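Asks: Residue numbers (the working numbering), protein chains in the order written: chain A, 40 to 175; chain B, 267 to 580.
The hints are simulated quantities; they were obtained by calculation from the structure and are not laboratory data. Quantities reported herein were computed from a predicted structural model and do not represent experimental measurements. Cβ coordinates follow ideal geometry from the N, Cα and C atoms, glycine included. Warning: the hint list may mix true and false statements.
[What the hints assert, rightly or not] Heads up, incomplete: computed chain B residues facing chain A, CB under 7 Å, no partners named: (1) Lys420; (2) Asn421; (3) Ser471.
[Claimed, not checked] Chain B stretches covered by chain A per the calculated footprint, using a threshold of three residues with CB under 8 Å from any CB of chain A: (4) 319-330; (5) 425-435; (6) 559-569.
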Amino acid sequence: MASTTGASLKFTSLSSSFKQTQVPLRGVSNVNSVSFPSLRMRPGSLRFRVSCAAKPETVNKVCEIVRKQLALPDDSSVTGESKFSTLGADSLDTVEIVMGLEEEFGISVEEESAQSISTVQDAADLIEKLMDKNCA
Amino acid sequence: MNIRCFQRNFSAALPPLVPLQLPSPMETHLWYILPDEVKSVALLNQYSELLSPCERENVNRICGDQLKKRALLARALVRTTIARYQMNCEINPRSLKFRKNIYGKPEVEWQNEDNFSPLPLHFNISHTTSMIACGVTVNVPIGIDVEEKQRRIKNNITAFAQRYFSPYEVKLLTAISDPEVQCQEFIKLWTLKEAYVKALGKGFSAVPFKTFTIQFRAPAIRNLHPPGISVSEASEEIVESSNDPTNLTNNWQLALLEVAGSHYAAICMERDKTVGGEANMPMKLTVRKTIPFVEDVCISGTDAVLALGGIIEQ
């Protein structure tokens, strides 16, 4: 859960809405005990996906691999919501990124699944799904 | 960026696009732009005026000036290219509408207007860091892919090939000992495979790279021309017979070029069965470098276009 990182909960698209909900929890000393780590809400949408979103560590690792492949400057923003095409990845980059992910996480991605990945989050979710399958 | 100011001056500021005849059947027009050559902010703003609000929003969402510029130039290239092929009436690049087919391949959505019949025009774009290209054909689908010749592949090429290419192609690549040459041959094969899949227009997953083989073939008679390129269903054995049912070359024509000394460009177009003639008819090709509204240079037949494979007539 997020409490292990010691950092406060941070969601790129939710930060403003969660700042407000933290106020009523003044009585609670450890904010990290409020566990919403699996909730991922797209701005403007009310769809909740519980317990299917990848861990932040996975997302971060994907971001790192993407940065390396696309040789992005350190100050460029790469987050779970980043689309590969928006980051400047062409088809060869996407395939290289997938291969890098396969190597890093010890998984094997079907060509068809690789094509359905358009954001960093998609990649992270797929990775965890495949890793779970490996352990099953 | 003051959009309003440019809107007023738009039609006065930009010279009209030089109208062109449509490509003939079995002909491809290849247009390309080199982003590094477009430096004028005023020009980029004018290109921005050509985009639909949705396209402009997509471009603005991109982080990084270079990437933004490339995305803008890609849309400007497609719009201005198609607008050149005016038949009876002028096409305003800004008024073109696009949509995607059910597999996601972009196409023109011709408007139903009196006195205007849709052009039987097909197009496909490809971008790489330093070049954006647009290929145009009539009647038949087209797919193109461009890559930098010197592009460095980060993964091990043999591993990459084994993962994605057909057994025949893997054998060919692994037999190359010089790593530079191997990398270039890899890129050539990659662009050809991409061009084929894009021409088919059904997405990567419909025709995974592993399921077909691209082969450079030296035809017996035409020793003076670059060898033909065939595409066939992947199998362990390569059948040389022209009656081979797995040979897809009867339906698809491939060509590979080196452009501007720096890029490989692969073109794949469907054979127009309504055009009579032998199976080995050359692909007619006209290559033009462009900075829309500034200059168009026809480079076919010059050193800037080198035919590397496929039966091509420039």
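Asks: Hint by hint, say whether it matches the structure.
Replies: Now the hints, each set against the structure:
1. At its closest, the beta carbon of Lys420/B sits 5 Å from a beta carbon of chain A; the interface hint therefore holds under the 7 Å criterion.
2. Against a cut-off of 7 Å between C-beta atoms, the interface hint on Asn421/B holds, since the closest Cβ of chain A lies about 5 Å away.
3. About 4 Å separates the beta-carbon of Ser471/B from the nearest beta-carbon of chain A, less than 7 Å, and the hint is met.
4. Coverage of a stretch by a chain is defined here by at least three residues with a beta carbon nearer than 8 Å to that chain's beta carbons; for the segment 319-330 of chain B and chain A the count is 4, and the condition holds.
5. Against chain A, the segment 425-435 of chain B contributes 4 residues with a C-beta closer than 8 Å to a partner C-beta. That satisfies the three-residue criterion, and the hint holds.
6. Interface restraint, the segment 559-569 of chain B with chain A: violated (0 residues with C-beta to C-beta distance below 8 Å; minimum three).
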